[in-house]
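Chains A and B, in that order, are what the protein sequence lines are. Residue numbers 1 to 112, in my numbering, belong to the letters of the first sequence in order. Residue numbers 113 to 223, in my numbering, belong to the letters of the second sequence in order.
Because the hints were derived from the structure by calculation, they are not lab data. The reader is advised that the hints may include incorrect statements.
If you want a taste of the chain B side facing chain A, the calculated C-beta under 10 Å gives, among others [said to hold, decoys possible]:
| hint | residue |
| --- | --- |
| 1 | C124 |
| 2 | N131 |
| 3 | P133 |
| 4 | S137 |
| 5 | S140 |
| 6 | Q150 |
| 7 | Q154 |
| 8 | T195 |
| 9 | Y212 |
| 10 | F213 |
| 11 | G214 |
Bear in mind that the values here come from a model prediction, so they are computed numbers and not experimental data. Heads up, the beta-carbon is just placed ideally off N, CA and C, and yes, glycines get one too.
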Amino acid sequence: EAGVVQSPRYKIIEKKQPVAFWCNPISGHNTLYWYLQNLGQGPELLIRYENEEAVDDSQLPKDRFSAERLKGVDSTLKIQPAELGDSAVYLCASRGQNTEAFFGQGTRLTVV
Amino acid sequence: DAKTTQPPSMDCAEGRAANLPCNHSTISGNEYVYWYRQIHSQGPQYIIHGLKNNETNEMASLIITEDRKSSTLILPHATLRDTAVYYCIVRVVRTGNQFYFGTGTSLTVIP
Chain A
1 EAGVVQSPRY
11 KIIEKKQPVA
21 FWCNPISGHN
31 TLYWYLQNLG
41 QGPELLIRYE
51 NEEAVDDSQL
61 PKDRFSAERL
71 KGVDSTLKIQ
81 PAELGDSAVY
91 LCASRGQNTE
101 AFFGQGTRLT
111 VV
Chain B
113 DAKTTQPPSM
123 DCAEGRAANL
133 PCNHSTISGN
143 EYVYWYRQIH
153 SQGPQYIIHG
163 LKNNETNEMA
173 SLIITEDRKS
183 STLILPHATL
193 RDTAVYYCIV
203 RVVRTGNQFY
213 FGTGTSLTVI
223 P
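In isolation and in its complexed conformation, chain B is listed as follows:
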């Protein structure tokens, strides 16, 4: 079953903020939202995660709506090296901490 829904692709101009949306309408109260990205020919790389509150680290910010049914990953100043596939994942505690990946959003940063 699909756990998250993301647009298949997005473009962003270099230096601008990239806002990647994710819908997770069936999320439970104790399930976290994780974001990973995968650059071509590499394994997925952790970006950020959150439960209820907005989170920020050196890579990105995560904005979670109050009803927790959607979230947005923000890359504040996109660079060419941010071109990758971005996966929004719900950590399914019910089935023992599995990580289910969808098809992700392919972000292309344009010079």
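Here chain A stands alone, though its shape is the one from the complex:
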């Protein structure tokens, strides 16, 4: 069974440019999470989806970050415009009805 797939694996962009990350969760998993992980820190939740509905986006900086999960499957996280402080690893995770959360490999963003 394929795990959570994220792309790209690495991304380097100049500040003020837009960037998007893509996540394909495990088939059948209704819950999808986006986390941000700074160097030396634990993951911090940005947003959680139940199917296509964002049920908790209180930690998402809505002035520049947006996310969508069309049809309740794949999800995209976007930053526009990116700032130097956005450099981090962006992790996607999914969870089924009675399972633990499975994480992808993450996307390492570097803003220069």
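Chain A is fixed; fit chain B onto it per the hints.
Quick look at chain B alone, frame taken from chain A:
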């Protein structure tokens, strides 16, 4: 708010048992304790979880105190590949099954 407290780092000799402690003094009766680990440049990996009883699987054992305010993850025979950051997480049912990560314990297995 911090949900769990873990020591920032630990060492363990290869082949010996690694005992990683975690305090979760504000845990509620219906909240689970989860353990994940993160090897460098990878996403967190599930290890084990429990509610009240001690649990064991092919990776580790989880010992939860009777008052549920602390727990210990045990890797019975640590190998070099167990070197990772270990996160103790309380599944906060009140806020809808969120997983809140702390800063974890960086375990180094020494040859």
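To see whether the hints hold, each was checked on the structure:
1. C124: violated (21 Å)
2. N131: violated (20 Å)
3. P133: violated (17 Å)
4. S137: violated (19 Å)
5. S140: violated (18 Å)
6. Q150: holds (8 Å)
7. Q154: Hint on Q154 (chain B): holds, closest Cβ of chain A at ~6 Å, below 10 Å.
8. T195: Result: violated, 16 Å to nearest chain A Cβ.
9. Y212: holds (7 Å)
10. F213: holds (3 Å)
11. G214: holds (5 Å)
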